[in-house]
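Engineer: So the sequences go chain by chain: A and B.
So the working numbering is basically just the index in the first sequence, starting at one, shifted up by 1.
So the working numbering is basically just the index in the second sequence, starting at one, shifted up by 1.
Chain copies aren't distinguished; within one or between two, either way the pair holds.
Below 25 Å or equal to it, Euclidean Cα-Cα: the simulated DMTMM-like pairs (lysine to aspartate or glutamate) are:
{"no.": "1", "residue 1": "Lys-423", "residue 2": "Asp-33"}
{"no.": "2", "residue 1": "Lys-423", "residue 2": "Asp-27"}
{"no.": "3", "residue 1": "Lys-341", "residue 2": "Asp-357"}
{"no.": "4", "residue 1": "Lys-349", "residue 2": "Asp-109"}
Read the hints as simulated data drawn from the structure, not as lab findings.
Protein chains: 2
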Amino acid sequence: MRRSPLQDGWELSPNDPTGPRFRIEDIYPCVDGGRYPIKRVAGESVEIWADIFREGHDVLAANVIWREEKANDWHREPMRLHSNDRWHGRFAPPTPGWYLFAIEAWTDQYATWRKEFLLKQEAGQDVALTAREGYELIIELMPYEREPRLLVEAAAEKFTETGDPAHLLDDLLAAAIGTSELRPDLTRSHVVPLLAERERARAGAWYEMVPRSQGRVPGQHGTFKDCIARVPEIADLGFDVLYLPPIHPIGHTNRKGKNNSLKVAPGDVGSFYAIGDETGGHDAIHPELGTLDDFRRLVEVCKQHNMEIALDFAVQCSPDHPWLKQHPEWFKTRPDGTFKFAENPPKKYEDIVNPDFTCPDRIALWEALRDVILFWCAQSVRIFRVDNPHTKPLPFWEWMIREVRDRHPDTIFLSEAFTRPKVMRALAKLGFSQSYSYFTWRTTKAEIEEYLTEITSHPARDFFRPNLFVTTPDILPVQLQTGETWMFKSRAALAAMLSSNYGIYNGFELIEHEPLPGREEYLDSEKYEIRTRDWNRPGNIKAYLKQLNTIRRQNPALLQTNDLRFLQVDNGNVTGFLKESIEHDNAVAVAISFAGGPQEFWLHFGADEIGRSGNRKGVRVIENLVTGERHMLEWGGIRLRIDPNDDPALFFRCTA
Amino acid sequence: MRRSPLQDGWELSPNDPTGPRFRIEDIYPCVDGGRYPIKRVAGESVEIWADIFREGHDVLAANVIWREEKANDWHREPMRLHSNDRWHGRFAPPTPGWYLFAIEAWTDQYATWRKEFLLKQEAGQDVALTAREGYELIIELMPYEREPRLLVEAAAEKFTETGDPAHLLDDLLAAAIGTSELRPDLTRSHVVPLLAERERARAGAWYEMVPRSQGRVPGQHGTFKDCIARVPEIADLGFDVLYLPPIHPIGHTNRKGKNNSLKVAPGDVGSFYAIGDETGGHDAIHPELGTLDDFRRLVEVCKQHNMEIALDFAVQCSPDHPWLKQHPEWFKTRPDGTFKFAENPPKKYEDIVNPDFTCPDRIALWEALRDVILFWCAQSVRIFRVDNPHTKPLPFWEWMIREVRDRHPDTIFLSEAFTRPKVMRALAKLGFSQSYSYFTWRTTKAEIEEYLTEITSHPARDFFRPNLFVTTPDILPVQLQTGETWMFKSRAALAAMLSSNYGIYNGFELIEHEPLPGREEYLDSEKYEIRTRDWNRPGNIKAYLKQLNTIRRQNPALLQTNDLRFLQVDNGNVTGFLKESIEHDNAVAVAISFAGGPQEFWLHFGADEIGRSGNRKGVRVIENLVTGERHMLEWGGIRLRIDPNDDPALFFRCTA
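Build out the structure end to end from the sequences listed, making use of the hints.
Structural biologist: This is the structure:
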């Protein structure tokens with residue numbers, strides 16, 4: 002008999018064709034049959050479901066068993082039959098790390114006997130022989146543990162003395178017998194891996210800051226000290242993560258000029274994505290930014306302000322990167338002996354060279370790349386945004402992320418993969434905590450509702466966590482190029498409210514919106530030059546961003562994406578949705594406009610209910626989180642008005 | 002790095018963390034991650050789909066590889082990219098048996114080079130060095146096979162002579178290089194098992210016949226000779242399978258009287274499900290039916306009439322079964338030393354004893370049960386209906402069915418499991434060819450449409466084949482108890498048209514409908530007595546059943562359940578559906594009434610299309626398969642009328 006090693010308790014009886022007796026099927030959650038871990042947050046309950054059955058009508062029992070991957074002993078939590086052979090249980094992984102869980106099922110022989118005895122007794126049948134069978138069964142199932150054993154022995158003795166079957170039917174006896182270790186048909190399911198991360202993996206507001214543009218003197222190269230000076234302001238806006246694009250030395254060879262020009266002018270600073278020069282590579286700091294000590298101070302100051310640094314991991318090297326001399330075997334050469342620079346024909350990137358991940362010495366290369374991350378971990382960095390992971394082998398990421406997390410389980414990885422959907426999902430499955438998304442290009446109500454439903458529903462929700470960026474140094478989306486303040490606010494509100502992880506790129510708060518003509522790129526992008534700004538310039542929307550972040554922090558419902566329900570809104574320019582954190586007894590409804598003029602609409606809660614299981618009810622009162630106004634709902638909904646010039650969004654706390 | 006043994010080509014590189022390069026995901030068809038086989042019919046194409054991708058933008062290639070499970074060599078069929086990283090391929094297992102398939106993917110290095118070369122050339126870039134790289138690549142990829150090798154060598158030579166890259170871009174060269182065995186990143190998916198059965202597994206009309214009731218003299222025990230006499234008539238009605246309930250000796254001890262009475266009268270014949278007496282058990286024949294030779298003749302006569310015998314495999318034993326003496330260790334005893342008879346408390350079945358499938362000597366028991374099937378296989382029986390498989394361990398069936406099919410791959414098993422849905426599905430997954438269903442209790446339009454959609458759609462369609470019985474010796478459903486002819490016809494038409502496998506139990510054609518009061522069981526059931534009938538009694542619906550079977554045989558669309566689409570019908574008493582066999586260029590629409598009075602309705606084909614891929618069109622003409630009338634459709638539909646007293650169903654062949 003063929004049997005898959007992943008199924009049906011093969012560990013317990015690999016050679017006996019007559020076992021295992023149970024089927025344990027359709028385990029939820031589980032990604033690709035257990036090939037990839039499900040993602041959860043340490044300390045939070047994991048709800049487990051499975052179909053559990055065997056032949057016949059006996060009474061069954063089941064446990065969830067779970068452990069840290071490297072531990073030896075399983076913990077056990079009881080499961081309960083829900084309906085239609087579907088069982089439910091739960092456990093909470095206490096700390097960040099890799100876990101395993103599985104399900105064990107067995108026949109509850111005593112409960113089966115008890116059920117049948119009572120049915121026969123009720124039907125007036127002669128039960129003397131059945132009672133005797135019950136007696137023999139409890140002797141057979143005698144627990145090892147002292148306390149229950151004494152209880153079972155006492156019951157057996159009383160039955161022997163009196164012949165009264167009542168002594169075999171006691172609830173306390175049932176509990177005692179339940180501890181019996183004799184479970185001859187115990188069947189174990191395949192094992193499901195789980196990655197528990199810390200809360201920041203689930204929720205955070207990101208501020209992307211280009212360090213060299215943080216100086217105060219126009220044209221002068223900013224430093225980490227300048228960055229430190231800005232930390233209190235950014236922390237006050239309510240951001241959690243301060244994300245820096247590459248901070249490493251920048252190559253000279255084929256350096257790009259302003260606006261990605263092939264002609265470089267004296268004083269041009271080059272792209273920070275052309276990493277490495279004679280002073281160092283991925284573990285060095287661009288000298289004009291400061292020293293490693295300065296960087297460590299920045300990390301420390303962020304910590305004091307309850308923020309964290311996220312670094313950028315961009316694998317490519319400038320032609321001046323030390324690795325090209327130290328490890329030429331890591332790079333492809335052409336028939337003329339030159340290194341092959343990066344290209345995506347017909348596009349060329351002459352200022353960077355990509356390591357060859359499949360070269361014969363690839364294991365050394367992979368280890369060197371891993372060690373870059375470990376170096377920054379040693380500087381207390383625990384969040385990494387990874388540049389273009391979809392152009393490097395998927396097995397590299399799976400290996401590298403595990404290597405790092407084995408040493409630092411609290412490390413968070415964000416995948417910047419603007420690529421095909423299957424590849425984006427594969428990166429999430431193999432271990433990235435979070436992922437960039439297509440949000441940037443989803444601009445209508447229908448697009449937003451369809452896309453957010455897709456990425457927050459089964460199966461994606463168990464491995465994919467979106468991080469919605471409104472802009473990036475690479476992307477100034479068309480809808481923001483007119484520079485309308487309401488649109489910037491609307492996009493920020495969509496990102497911050499729909500997703501628990503969202504981000505802006507510096508300049509967004511200043512409504513920067515000048516594109517390269519016909520492109521989705523910034524004019525005079527600071528990818529190629531220093532831009533010095535007045536961060537308090539009139540017209541900025543910092544107060545609005547602060548309000549969004551404040552509302553988020555006060556409402557746990559907004560700090561998750563597992564419970565997002567779109568509501569009925571009778572206006573095609575407005576989306577409405579409800580989010581709830583049952584654990585925190587918090588439900589929030591939001592309405593956001595996609596259009597500039599005033600919008601009137603019905604926000605209707607339909608059959609949606611909130612509250613704890615067993616006590617769920619429809620929403621009856623909503624309280625405006627900005628004005629404090631309270632509204633009773635009539636007919637399950639409410640007539641509302643948005644004036645986007647004031648605020649394109651409305652925020653309500655909901656009560657049942 | 003952890004890696005599941007079922008995934009990602011671990012066979013090719015179990016120890017190298019840098020491989021495998023490809024992800025091959027979401028393979029369709031595949032049941033429970035490959036734990037169970039998908040079911041198909043030998044000689045028919047299996048359509049394979051999978052997500053196949055790796056990092057970057059190189060040109061990829063993929064094959065379906067497949068083989069008989071016991072064969073050593075894989076066959077290979079090319080796959081093509083459909084869209085969104087989803088690939089498609091197909092293969093056809095030639096004969097019934099167990100097969101495996103998997104997917105292999107690799108980088109087409111030459112096609113990648115060629116694509117990039119052409120892009121650069123088009124953009125006017127200097128391509129001399131790129132051409133040289135192409136030359137080096139075709140040398141590296143030089144095929145071993147003589148013919149393509151000569152072609153590649155010639156191209157390389159011409160390029161060396163002339164320096165003209167055109168010699169490296171030839172389509173013939175591309176085909177030659179395509180045969181290169183050098184595929185360094187070849188990745189193999191997990192393996193998917195497939196069970197190929199013969200056509201009878203997919204489609205057949207079953208006639209269930211109680212042999213002892215086939216005599217002509219009232220009260221006299223029928224024989225196999227009487228059965229043989231009826232074969233021409235049943236074959237003429239268009240049935241494919243003649244199914245006999247147990248034909249073995251019947252026990253005496255605690256024999257049941259008429260109507261399942263505990264009091265047995267002299268001459269009572271007992272239930273044929275109480276198997277075994279002093280003359281023999283499961284491999285013996287009830288003496289009053291005849292001899293083994295008589296039985297073999299019945300098998301042979303059926304064959305001459307293009308029919309097959311199906312036998313009943315009912316595991317339970319009468320208290321007189323030889324096994325109780327020969328192998329008392331196979332049965333449970335009670336504290337008083339008696340054998341434990343079957344019960345489902347408070348119900349008792351004193352005339353049968355169930356073997357204990359988990360007894361210490363279980364392997365001998367399991368083998369003995371398997372040998373019963375093999376014994377009947379040796380008598381040329383290849384179809385077995387299994388009684389109550391859901392009360393015996395699932396691993397037994399999985400093992401036994403494989404043991405039998407390994408010897409006789411053309412064996413068909415029908416599961417009589419009227420039990421919980423998950424258990425019914427599990428029996429289908431583990432190897433039963435067909436399954437009884439809840440059809441008997443689905444009586445309204447909504448119930449039928451919902452249930453048939455469920456069991457003929459993904460995921461059930463890949464492992465579950467319904468066999469819709471209108472009645473059985475155990476079940477006279479409520480809707481047939483009024484004895485209305487139109488209702489008998491309606492149920493038969495639903496069963497025969499919705500499903501490719503359907504069955505009736507003898508007496509149905511005579512509108513037998515007297516129940517035990519308040520029960521779904523027949524009064525004076527022939528489970529407990531002999532019933533002699535006039536099979537041509539006035540009022541019989543044999544002509545109608547013959548018409549149904551004739552329409553089925555003339556229309557391959559009706560002999561499958563993979564393409565069943567319910568149509569719009571503006572009458573709650575009428576269901577309409579479309580079935581199509583693209584392979585046979587055959588599409589049939591059927592409308593069936595659930596009510597007795599005349600019904601008028603619009604049958605609307607909506608957006609449904611028929612025809613081969615690339616040439617699919619809406620239905621335009623329908624031809625009545627009974628009257629030959631042709632109708633042009635207007636507005637995509639047609640107004641129709643059913644008079645159930647004439648015929649509760651309409652049958653149409655559709656053309657586009």
